[in-house]
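I would like the entire structure built from these sequences, with the hints used as guidance.
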Amino acid sequence: MSQVKSALLVGVGGQGAILTAKVLVKGLMEAGFDVKMSEVHGMSQRGGSVSTQVRWGDKVYSPLIGKGAADIIVAFEKMEAVRYADYLKSDGVAVINDYEIEGATVAAGLAQYPEGTLEAMQAHFHCHVLKAEEIARGLGNAKCMNIVLFGSMVKALGMDDIDWEKVIGETVPEKFRELNLKAYKAGYEAVL
Amino acid sequence: MEKILLSGNEAIARGAYEAGVKVASAYPGTPSTEIFENLPLYKDSLYSEWAPNEKVATEVAYGASIAGVRSLTAMKHVGVNVAADPIFTAAYNGVGGGFVIVSADDPSMHSSQNEQDNRHYARAAKMAMVEPSDSQECKDFMAAAYEISERFDMPVLFRTTTRVAHSKSIVSLGERREQPVPEYKRNVRKNVCTPANAFLNHPKVEENLKALEAYACESPLNRVEMKGTKIGVISASIAYQYAKEVFPEDTSFLKLGITNPLPMALIKEFASKVETLYVIEELDPFMEDQIKAAGIACIGKELTTPLYEMNPERLREQIFGVKPETKEVGVSAVSRPPVLCPGCPHRGFFYTMGRHKDFVVAGDIGCYTLGAAPPLNALDSVVCMGGGFSVAMGLAKAFEATGQKEKKVFGVLGDSTFFHSGITGAVEIMYNQGNVIPVVLDNHITGMTGHQDNPGSGYSLQGEIAEALKIEEVLKACGFKNVIIVDPQDLKAMEQAVKAALASEEKAAIITRRPCLLIKRIKHDIGLCKVDTEKCIGCKKCLSVGCPAISVTEGKAKIDVNQCVGCTVCAQVCPMGAIEKEA
Chain D
1215 MSQVKSALLV GVGGQGAILT AKVLVKGLME AGFDVKMSEV HGMSQRGGSV STQVRWGDKV
1275 YSPLIGKGAA DIIVAFEKME AVRYADYLKS DGVAVINDYE IEGATVAAGL AQYPEGTLEA
1335 MQAHFHCHVL KAEEIARGLG NAKCMNIVLF GSMVKALGMD DIDWEKVIGE TVPEKFRELN
1395 LKAYKAGYEA VL
Chain Y
19 MEKILLSGNE AIARGAYEAG VKVASAYPGT PSTEIFENLP LYKDSLYSEW APNEKVATEV
79 AYGASIAGVR SLTAMKHVGV NVAADPIFTA AYNGVGGGFV IVSADDPSMH SSQNEQDNRH
139 YARAAKMAMV EPSDSQECKD FMAAAYEISE RFDMPVLFRT TTRVAHSKSI VSLGERREQP
199 VPEYKRNVRK NVCTPANAFL NHPKVEENLK ALEAYACESP LNRVEMKGTK IGVISASIAY
259 QYAKEVFPED TSFLKLGITN PLPMALIKEF ASKVETLYVI EELDPFMEDQ IKAAGIACIG
319 KELTTPLYEM NPERLREQIF GVKPETKEVG VSAVSRPPVL CPGCPHRGFF YTMGRHKDFV
379 VAGDIGCYTL GAAPPLNALD SVVCMGGGFS VAMGLAKAFE ATGQKEKKVF GVLGDSTFFH
439 SGITGAVEIM YNQGNVIPVV LDNHITGMTG HQDNPGSGYS LQGEIAEALK IEEVLKACGF
499 KNVIIVDPQD LKAMEQAVKA ALASEEKAAI ITRRPCLLIK RIKHDIGLCK VDTEKCIGCK
559 KCLSVGCPAI SVTEGKAKID VNQCVGCTVC AQVCPMGAIE KEA
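Respectively, the protein sequence lines represent chains D and Y.
Each number in our numbering comes from the position in the first sequence (counting from 1) with 1214 added on.
Each number in our numbering comes from the position in the second sequence (counting from 1) with 18 added on.
Simulated from the structure, these hints should not be mistaken for lab results.
Because the structure is a prediction, the values reported are computed rather than measured.
Warning: the hint list may mix true and false statements.
Derived lysine-lysine pairs resembling DSS-like cross-links, with alpha carbons at most 27 Å apart [said to hold, decoys possible]:
# : chain 1 : residue 1 : chain 2 : residue 2
1 : D       : Lys1240   : Y       : Lys21
2 : D       : Lys1273   : Y       : Lys273
3 : D       : Lys1345   : Y       : Lys21
This is the structure:
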C-alpha cells in the first residue's frame, strides 16, 4: 500500500477546492491510477471549513485520509492549513495560500484570528507559500485562484508526467480556458 | 464498458436505471440527496419525483411496487424514522415489483442531528439489507437488491453511509435491463393489511427470512477472501475498505454485502478457519452482537467504538495500538461554524426575534437552524422536521398551565418543511387553540440540502412546471384568518409584522417571503454595501446581524466586497447611517 498517495485539499466553502480536485482526479484516471475521492456536503458548506480528499495508486481502498496520513495538504486559506496540520505525514508537504478569511467567529469578535500560522507551518513542514489570490487577480479573475494552487501542487508533488494543461483545458468551461491555463502556469512557477 | 468516476449516490441512480426501475419517489436529505438529483438523467426510462416527505415517498414507491413495477425510494437516516410506518407493513405484505429503500446514514453527523445506525431497522422490520462499500458496488448491488426483493417477497433496505454516498470511485457501466410487468390484478389477501391477513403474513415473513439467510450464504455479495489462517476479519460497507488497509497482507476477509439476515452458516465456517476473528463495523455492534449470540468468539467493540465515523488511522490505533505520527504546530485554528449566507433572507427574521427577550422560539431543521447560533441566538429548540410548530404548541401549553403568560411563543419552519410535516402542526395549533404564532420562512426552495424543488417552488424534480401550492391558502384553510406576509429583509416591516400578529384578534400566522439568493433561475438584485468610515464610530452594532461579510478592524466596520450582496440588513441596524448600498 506504500505506493498510494494522499492529498488533502482544505479551505472555506465556496473557494473552488472541488474543481481543483476534479482536475486532479481526471488527470490521475487518464494516467491509469485507481482513484478515490471524498468530500463533505450539506451543512458544512455554508461558510464552514471544507476538505476534499483524493487518494490514488495501483489499488486504493479507503477514500478517507486519517491523521498523519496525507502526503500533501493544499490549503486554500492559511488558517485551514493549521487546522488540518495533524493530517500531514511528518515528511509531508504543504502548499499554502497566503490568504486570510476571518470567518463568522472572528468577524463577530468572539475570537481572534491566530497570528503566525505560516511560520508555525514552516517550522514543522516543508511548505510552499504563495499569494494565490493576488496572482489570480493579477491574471484578471480572483476565481482562478484554485487553479493557481493546483499548479503549485503539481510542482510540489513532481507530477510532471501528466499533461495537466490538456486536462485543465478539458475540465473548465471554454470561456475560462485561457485564464485557467495561465493560472496553472503561474501557480507552477510560483513554487521553487 | 465505459469507466467513469461516480459518487456512491450517482452510482445508485445509475444502478436503479440499469435495474429497470420505473417509479422513484424521495424527499431530499444529506447524504442521500444526489441519488434523486441524478435520476432525471434517465427520465426517458423512469419516472422520478420529490415527494413532500419520506413517508409519502415510501408509500408512492410501494404503491408502484404493488402495481408490479420496480420502484425506489431514498432518504437520510432520520428520514427512515418518518417513513417507518409504511416500511414495517410493506415488510409484512411483501412486494409486487422489487422495492428498494435507500437509507443514507451519517456517522459523525456531518449534516445531521444524530448518528443513528439504521441497520437496526432491517432487523426490526424483518427485511433484507444490502450494504455496498464503494461506487461500483452501489451500482451493481442495486440490480442484486431488486432480485432479492422479488425472489424473497420483501423490501430491501439499501444502506449507505456518508463516505459510501459521497466518495467517488471508478465504476464500469452496464446496460439497462427492462423488466417484464405482469398485468395488474387485485390481491386483497396480500395487499390489505387487516389483522387477519397480517396474522397469516408474519409466518411467511419468517420463512422468507430463513430462505434468504440460506441464499446469503451462497450469494456472490458475501465473499470470502481467504489468505492466512491467523487473522480473519468480517466487515461490510465502508469499514471493509478501512480494514483492508489496516490489517496485515495475510489477513483473510469475509466481506458481507447482504447484512440482514446475516449468513450465519457462512460466518461459522469462516470463523472455524481462522485463529482470531475480528468484526469491523462503524457505529453499533450490529453484526458483532448477533455473531456472539450465535456462540462465535470474535473481537469488535472491545477495541473499536460505537462513536463517530471510522478511518484507517483510527482503526489502526484501536486494533494495533499504533498511534498516527503527527506534528503539533503550536497554533490553533478558530472554529468556522456554518452561518447564514450573506444576503440570506432568514437573517432579518432572526435578528428581529433575537431582540425580544420574552419570545420563545421553537425552530426546525433546515438552513434556519443556524438562527440558533451567535450572535443571532434566536432559537429555543430544534428537534426534527415539522417539529417547529408542534414543539411550540407544547411549550405554549406548559406556559399556560403554569401561569407564565408573559412568554410569547413562535413556531418556525421553512417552506419545504411546512409541506413535509408542518401542516399537521398548524392544524394542531388551530384545533387545540394554541397560543402560538406559526411562522413559515418561505425562501421558495429546499435550501440546506442544496436547492431541491418542493410543492411551493413551481417546478418538479424532472424540471417540469408544477402547480405551486400557496402557503397562505393552506394556512387560511387551517383557520388562520390573519396571514401576514412580510419581506424579512425590511427590518421595520418585520418588526411590525411580529407586533401585528401578537396583537391580532383573529388567529394570526406569519409568512416571511423572499427567495434564497442561491436559486439560479431567479434574477436577484445583487449590490454592494459600503462603510462611510467618517460616520462609523466602531460601535459594532452591525456585527449583531451575524453576517460573514462584515467585520470591525481598527475600530471601523469593514465589508468584504467578495461576500457582500447588498442586502442592507447591516445598514438598517447602523445607528449612525454609516452603511449605504452603492447606487
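Results for each hint:
A threshold of 27 Å between alpha carbons decides the hint, and for lysine 1240/D with lysine 21/Y the separation of about 12 Å falls inside it, so the pair holds. For the hint linking lysine 1273/D to lysine 273/Y, the alpha-carbon distance of about 17 Å falls within 27 Å, and the restraint holds. Distance hint between lysine 1345/D and lysine 21/Y is unfulfilled; the C-alpha atoms sit about 37 Å from each other, more than 27 Å.
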